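Chemist: Letter by letter, the chains look like this.
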Amino acid sequence: MALLSFRNVWVEYGDKVVLENVELSIAQGSFVSIVGPSGAGKSTFLRLVIGQEAPTRGAIDLEGRKLRAEPGPDRGVVFQKYSVFPHLSARDNVVFGLDCAGSALRGKLSGAKRRAALEQADAMLAAVGLGDSGDLYPAKMSGGMQQRLAIAQALIKKPRILLLDEPFGALDPGVRLDMHELITSLWRDNGLTIMMVTHDIKEAFKLGTRVLAFDKRRRDPHAPHRYGATAVYDFPLDKPGAVGPEALAGLGQ
Amino acid sequence: MRLLNIRPRGGLAVMLGAVPLLAVGLLYLMASQARHAENPRDKLLPTPEAMAEAVQLMARVDPLTGHAPLLVDTLASLERMGLALAIATAVSLLLGLSLGLLPLLRAKFGPLVAGIAVIPPIAVLPILFIVFGLGETAKIALIVFGVAPVMVRDLAAHVAAIPEEQLVKAQTLGSSTWQLALRVALPQAMPRLIDSLRLSLCPAWVYLISAEAIAADVGLGYRIFLVRRYLSMDLILPYVAWISLLAVIMDVTLRLISRRAYPWAYPERGR
Ligand SMILES: Nc1ncnc2c1ncn2[C@@H]1O[C@H](COP(=O)(O)OP(=O)(O)OP(=O)(O)O)[C@@H](O)[C@H]1O
Ligand SMILES: [Mg+2]
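Heads up: the protein sequence lines correspond to chains A and B, in order. Counted from 1, the first sequence has number 23 at position 23 by this note's numbering; the numbering is strictly sequential. Counted from 1, the second sequence has number 76 at position 76 by this note's numbering; the numbering is strictly sequential.
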């Protein structure tokens, strides 16, 4: 059974159609890259999965049950910016998820439980390569470090799906390569399911086991809002090298 | 070098700040001396000696009442101020946080707060006197009424501007509304609240002194308006200086507290 399935999903704002007739199912353990021109609704698609928005029509199921239109701990996210809390140290950022689960009233664990949680957080920080930056505030970290932190923070909740919206979009090419290695090894070692929006088609093909391209199937030149985008290309990459970035060359013009 | 790139440092910065202050003091001394040379009984620009004498008189314990007026005035004013600011801060924190965080409340009470904020507080003073009588409550209410609406709106706007991404992230980490308010919004609101409290000190003093001038029998504002009848500049000027000093001490203390408690809000910068 598919982990996540979209059945005839539409998103409309007033008379503006953003997504139309999205029919997809995402398998457990896959790494889905999502590409497409700006404004095609990639972030909107991701927001549906996060639960920030509900589809105007259609339904989304997570493990066979209807997805609640509210963010929850089964879906972790990393945004391009503002994903970490500026007022918490790196370690406290990572522990935050455990704090919330363990203490409804204070929102913060104490005593032995907190110490155990901190140990877990330190292990997670080490896993993303921030082993000795636990005491830093995000303002003192580079962009790459902040994204590593955001990933560690999300992973500590062991989410069913990890959703990434242009997570490496603001990083230098070199740092980006390091992040590719990190996310690939985390994905492989932990059996994660990942959906990642990116503007970089090479990145999409390099990391993904499946690439979705969102775009409009139909266009009305007089009323561009009439038609929405959908997954116009769906490349399963289980045969490495079967499809390359060239396949998408004409996209988005 | 461009003017905006010239940055004073260390001793130079202190000196640059001190020069205008010293100049003003010097100017006053010269003017005062000139007037006294013409008329030794001049009351408008009293000499430092006259001011020192007047202050000493006020600082000494009056055998009739058993109190030193300067001390009693200061304590009375500070008590009103402290109570009023504590209430205003608590109200702002509660309302600002909930209005900023909950769209539901914002829709319901935002217009009301905005409406209250445009009423000139002094115009409400007669109502406060009628409702609360001429006692302490009316004076404290005036200050609260004067500063709280602005602080509430400022904090609500600041909390509402916390990036959506952070709120979503917190929820994906399993945070409830309460936990989010307590652990995400509250700490990020605190430095802003302290800042807006600092900015409110000045209007708060205005309202305090107005209220004391109109109806009080003790307090710094009461005293200066009392001795105004005798043109006692020798007392008014030191009182004004004392009030300013108190205001500066409060401001600096609040700033220190904020920097100590919320270091993340003050990343080191070049300027
Ligand atoms: N709340 C909203 N109200 C109206 N239109 C919206 C709203 N949110 C998004 N849109 C529209 O939906 C379309 C898709 O936006 P979305 O952010 O999903 O695009 P995207 O593919 O992520 O683009 P980018 O690559 O630039 O991030 C845009 O045309 C945008 O204007
Ligand atoms: Mg986007």
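Hints are computed from structural coordinates only; laboratory data are not their basis. This structure is a prediction, so every number in the text was calculated from the model and none was measured. No residue lacks a Cβ here, since even glycine has one placed at the ideal position from N, Cα and C. Please note that a few of the clues may not be correct.
[As the list claims (entries may be wrong)] Some chain A residues flagged as far from chain B (calculated, every beta-carbon gap over 12 Å):
id	residue
1	Ser103
2	Gly107
3	Arg115
4	Leu118
5	Ala127
6	Gly129
7	Ala150
8	Val175
[To be verified] These stretches of chain B come out as covered by chain A in the derived footprint (C-beta under 8 Å, 3 or more residues):
id	segment
9	8–14
10	129–136
11	251–265
Chemist: For every hint, state whether the structure bears it out.
Modeler: Hint by hint, here is what the structure shows:
With a closest Cβ-Cβ approach of about 8 Å to chain B, A/Ser103 is found to fall inside the 12 Å limit, against its non-interface label. Remark: the non-interface label on A/Gly107 conflicts with the geometry, its nearest Cβ contact in chain B lying 4 Å away (cut-off 12 Å). Residue-level check passed: A/Arg115 sits 19 Å from the nearest beta carbon of chain B, beyond 12 Å. Listed as outside the interface, A/Leu118 is consistent with that label: its C-beta sits roughly 16 Å from the nearest C-beta of chain B, beyond the 12 Å cut-off.
Distance check on A/Ala127: its Cβ is at least 17 Å (rounded) from any Cβ of chain B, clearing the 12 Å threshold; non-interface status holds. The Cβ of A/Gly129 lies farther than 12 Å from every Cβ of chain B, with a closest approach of about 20 Å, so its non-interface assignment holds. Not every beta carbon of chain B lies more than 12 Å from that of A/Ala150, the smallest distance being close to 8 Å; the non-interface claim is violated. With a cut of 12 Å on Cβ distances, A/Val175 stays outside the contact zone with chain B, its closest approach being about 20 Å.
Look at the segment 8–14 of chain B against chain A: 0 of its residues bring a Cβ nearer than 8 Å to a Cβ of that chain, fewer than three, so the hint is violated. Using a Cβ-Cβ cut-off of 8 Å, 0 residues of the segment 129–136 of chain B lie near chain A, which falls short of the minimum of three, so the contact claim is violated. Counting residues of the segment 251–265 of chain B whose CB lies closer than 8 Å to any CB of chain A gives 4, so the stated coverage by that chain holds, three being the minimum.
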